[in-house]
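This is what each chain is made of:
Protein chains: 2
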Amino acid sequence: MKQFFTICTVSVLAGSNLAIGVASEVPPSPNGITFPAGYQDWRVVAVSHRSDNNTLRVIFGNDQAIAAARSGQTNRWPDGAILGKVVWKDGAIPEWPQAQKPDKFVHAEFMFRDSAKYADTGGWGWARWKGPDQKPYGDANVAQECVACHTPVKDNNWVFTRPAPLPPVAK
Amino acid sequence: MKQFFTICTVSVLAGSNLAIGVASEVPPSPNGITFPAGYQDWRVVAVSHRSDNNTLRVIFGNDQAIAAARSGQTNRWPDGAILGKVVWKDGAIPEWPQAQKPDKFVHAEFMFRDSAKYADTGGWGWARWKGPDQKPYGDANVAQECVACHTPVKDNNWVFTRPAPLPPVAK
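If you're matching them up, the sequences are chains A and B in order.
Take 1 as the starting number for the first sequence in this note's numbering and just add one per residue.
Take 1 as the starting number for the second sequence in this note's numbering and just add one per residue.
There could be a bad hint or two in this list.
Cut-off 30 Å, straight-line C-alpha distance, at most; resulting in silico cross-link-like pairs (DSSO-like, lysine-lysine) [to be verified]:
hint: 1; chain 1: B; residue 1: K154; chain 2: A; residue 2: K104
hint: 2; chain 1: A; residue 1: K85; chain 2: B; residue 2: K89
hint: 3; chain 1: A; residue 1: K85; chain 2: B; residue 2: K85
hint: 4; chain 1: A; residue 1: K117; chain 2: A; residue 2: K89
hint: 5; chain 1: B; residue 1: K135; chain 2: A; residue 2: K154
hint: 6; chain 1: B; residue 1: K104; chain 2: A; residue 2: K154
hint: 7; chain 1: B; residue 1: K85; chain 2: A; residue 2: K104
hint: 8; chain 1: B; residue 1: K104; chain 2: A; residue 2: K104
hint: 9; chain 1: B; residue 1: K154; chain 2: B; residue 2: K135
hint: 10; chain 1: B; residue 1: K89; chain 2: A; residue 2: K89
hint: 11; chain 1: B; residue 1: K104; chain 2: A; residue 2: K89
hint: 12; chain 1: B; residue 1: K89; chain 2: B; residue 2: K154
hint: 13; chain 1: B; residue 1: K85; chain 2: A; residue 2: K130
hint: 14; chain 1: B; residue 1: K135; chain 2: A; residue 2: K104
To be clear, the hints were calculated from the coordinates, so they are not data collected in a lab.
This is chain A alone, in the form it adopts within the complex (with noise of 0.2 Å):
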């Protein structure tokens, strides 16, 4: 018994100190889903500002995801394609006061699509993490919170988001 007990105690601090070696790693949602590291360096799908809790928005997508909606695939979007949406709260630009910047950071969310994987819930996993730390958020259950919200989009493929027109990349 006590030959058990100096075993886990020796695994448990092993773990902690890989932990403490790879803090940069934020951990995966409680439903499994892991943490897209990296989204911050993804290209743009669009933007968005809500006047009810005065808050602004970049819409991102992972290169599948920008091939289709560079290409109208949008409904449904391809599996394999991921959107992350990052929400600011309005601050105001000092020299410019009627434009709303970005002030704090609230929290970053994303839909990945696997029509199979996650038939249960739209074709898409759904996870947030909040703040600056990246906190995971909700529980085991969390993408059943994100479904019932995106219900009023279930017709457009649950996405609210429409890609923001731009012209074609010129050669």
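Assemble the complex: chain A is given as a structure, and chain B must be docked to it using the hints.
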């Protein structure tokens, strides 16, 4: 004289054919600044919304601008940095009408940092291309209009944009 007209006509037609052949190329600004092809793929510095003229914006940065934004080197921005602002008219998200999303593409406008070359206009080159066909805007003195509007942010290196807070890219 007839031969002269013939030569001119042939030249104009040749020019037209050439233009059709490279239709994806966007002409330079009237002040000589070259269109920054591919800006649609650049990373995001910030977003903004203007309540005074109902427009949404994304501010892109080239690699030098993104590196500067993420390391806080924005007053002054380094030579080589380019900031690009894309402007859309507000539209409403049909299923969430309190939210504004990009509607009509208005223009893309740019600041090119070169403190020596553009010493007379705040150390920045300025240019704008209008509409979905990216038509060059203004005349050879277009920078004067830009500088006049940006004078309130002279002490912020002539830039209204403050980089949006984003968590560092996780490894």
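Each hint, compared with the structure:
Proposed proximity of K154 of chain B and K104 of chain A is supported: the alpha carbons are some 25 Å apart, at most 30 Å. With a C-alpha separation of about 20 Å, the suggested pairing of K85 of chain A with K89 of chain B holds against the 30 Å cut-off. Using a Cα cut-off of 30 Å, the hinted pair K85 of chain A and K85 of chain B holds, with the two alpha carbons roughly 19 Å apart. Between K117 of chain A and K89 of chain A, the direct Cα distance comes to roughly 34 Å. Violation of the 30 Å bound is thereby established for this hinted pair.
A distance of roughly 38 Å separates the Cα atoms of K135 of chain B and K154 of chain A; the hinted pair therefore is violated under the 30 Å criterion. A distance of roughly 25 Å separates the Cα atoms of K104 of chain B and K154 of chain A; the hinted pair therefore holds under the 30 Å criterion. For the hint linking K85 of chain B to K104 of chain A, the alpha-carbon distance of about 21 Å falls within 30 Å, and the restraint holds. As the CA atoms of K104 of chain B and K104 of chain A are separated by approximately 28 Å, the hinted pair is consistent with the 30 Å bound.
Distance restraint check for K154 of chain B and K135 of chain B: the Cα-Cα separation of roughly 28 Å lies within the 30 Å cut-off, and the hinted pair is therefore satisfied. With a CA separation close to 21 Å, the supplied pair K89 of chain B and K89 of chain A stays within the 30 Å bound. Of the supplied pair hints, the one linking K104 of chain B and K89 of chain A holds, its CA atoms being roughly 25 Å apart against a limit of 30 Å. Under the criterion of a C-alpha separation no larger than 30 Å, the hint pairing K89 of chain B with K154 of chain B is consistent with the structure, at around 27 Å.
In summary, the hint linking K85 of chain B to K130 of chain A is supported, as the alpha carbons are separated by about 28 Å, within the 30 Å threshold. About 36 Å separates the Cα atoms of K135 of chain B and K104 of chain A, which puts this hinted pair outside 30 Å; it is violated.
In this structure, the earlier hints numbered 4, 5 and 14 are contradicted, and the remaining ones agree with it.
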